[in-house]
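Undergrad: If you want the building blocks of each chain, they are given just below.
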Amino acid sequence: MSASTRIPGLLRATWLLVRKDLLLEWRTRARANALFFFALATLLLFSFALGPDTTILRRAAGGTLWLAILLASVLALGESFRVEQENAALDGLRLAPADPQALFLAKALANGMLLLLLGVALLPVLGALAGLTLAPRIVMTLPVLTFPLSGLGAMALVLVLGCLAIAAPGTIYAAIASNARARDVLLPLLLFPLLIPALVAAAKATSLALEGDPMLQFGSWLGLLASFDLIYWSLGFALFPLVVED
Amino acid sequence: MSSLPLFATAAGRIQGGWEFVWAAYGLTWAALTLYAASLWARRPRKEP
Amino acid sequence: MLSVLALLLLVSGAWLGLAWAPPEREMGDVQRIMYVHLPAVWMGLLGVTLNFICSVVYLLPPLHLGKLIGPLRVLDELDADALAEASAEVGLFFGTLGLLLGSIWGRPTWGVFWTWDPRLTSMAILLVAYAGYLALRRFVDDAERRAAWSAVVGIIIAVDIPIIWFSVRWWNSLHQVQSSPRTVDPAMVLVLRWNAIAFLLLWLVFLSSRYVIAKSRRERELAPPALASEGAR
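Residue numbers (numbering that gives the first Met the number 0), protein chains in the order written: chain L, 0 to 245; chain W, 0 to 47; chain S, 0 to 232.
For the record, the hints were derived by calculation from the structure and aren't laboratory data. The structure presented is a predicted model; accordingly, all values stated were derived computationally and were not measured. Take these hints with a grain of salt, some might be off.
[Unchecked claim] Cβ-to-Cβ under 10 Å is the rule here; a few derived chain L residues that face chain S:
#1 K19
#2 T53
#3 N178
#4 L188
#5 L190
#6 P192
#7 L215
#8 W220
#9 L234
By construction, the Cβ of each residue, glycine as well, lies at the ideal position given by its N, Cα and C atoms.
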């Protein structure tokens, strides 16, 4: 295929696969519901473990939110390949004309969207549990320009970038783990150390979006998160074919 | 945390602490020996 | 093996070199822990580096270095996947040892067994990551898949190392920074180098031994079925 047909072809294949996955999710939305309640239960556990003092909960809110999302992601990611696994559909996908790279983009995007939905649903719950409000104004400092964001806008950015950060390496590791033994342990064991920088950045940025950012650190943390996303989406794109090919 | 300033001189040295030194070297030797033993035990045997 | 003998000589020589008392400084005798801690950490990092190189090499088409320069032919015959496995395990061993030694060193110097110092923290994350790498290798039975997937994971982890380093440094810069000892005394530098070389030789011995183990297992797994069942224990 010439270059001029390759990228549109890739995007189209990706779009079709994403649509398939999202349709599947919608039809079996019981799973997404269960995921939400699992994450909710996690938030409750954290609240009980950290104590009824809302000051502590408020300070820990950023970390708590992302830990809940991360723990739920392990289940979500594990499932995303199990469907294929159980029906040996992965082989079917592999034989189809679809690029493995389109497969990666589609899976990772679908997973990312699911996690984003989860994060959006969890935020008001966390807000209620910990008595949170969004900061009125966050100043975003990029290398070339500085502009103000509302607390809500800042939070939205963190959620999107953070969920993307989990989705890319998570998709690769899920593809690997789904074909290995002890897959339930292997996925989190591989994923968690890798995601520590993203967790740190997302949690910190979330705290800033909630409590305000007097020292103008928000841009730096977001920059770290964005770099992480860029690196791992590229790496995933390049390496995923090696994982699914025989 | 240590009460030593960053650029302490001869004054304010940590006294003794030999038990930590022994612990460190003992751990090192024990670990090296154990790992060497595990490598030895796992060596491939020639088929008869 | 001759290397083992040379090593024993060097390591015991190093130990004597320590009882030979390099002069103490602010830290007193506790300083001596550095002579095993730093080389252990360095060997851990060396293992990690080698694992990354092997992972990349495995995934690339064969390089045929022997065609460029004759003597490099020996590199062509190396089994990249077996070497990756060996370097990961040996690196994990030395890294863990180094981390524990750092912890022991920290108790009398800083008063605590653990701080969220960027170096210690990054090292700890790294070790957990490579433990995961080795777990992956153990849980995949097919030799070809194991090699390919390990290479992918090895690259992913290695790429994360600088990211981890920066993020942890940032994260902890909000708190205090621990002072680290400066080695200026030439006698101390000598002892440190002596030990470093001793550790390096040990690392090489362990690595080659572990490589042989990994390579023979791979050969058994990749052998044609008839031969494999003949040779199976």
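Undergrad: Each hint: holds or not?
TA: To see whether the hints hold, each was checked on the structure:
no. : hint : result
1   : K19  : 25 Å, violated
2   : T53  : 23 Å, violated
3   : N178 : 7 Å, holds
4   : L188 : 4 Å, holds
5   : L190 : 9 Å, holds
6   : P192 : 4 Å, holds
7   : L215 : 14 Å, violated
8   : W220 : 8 Å, holds
9   : L234 : 6 Å, holds
Hint compliance for this structure: hints 1, 2, 7 are broken, all remaining hints hold.
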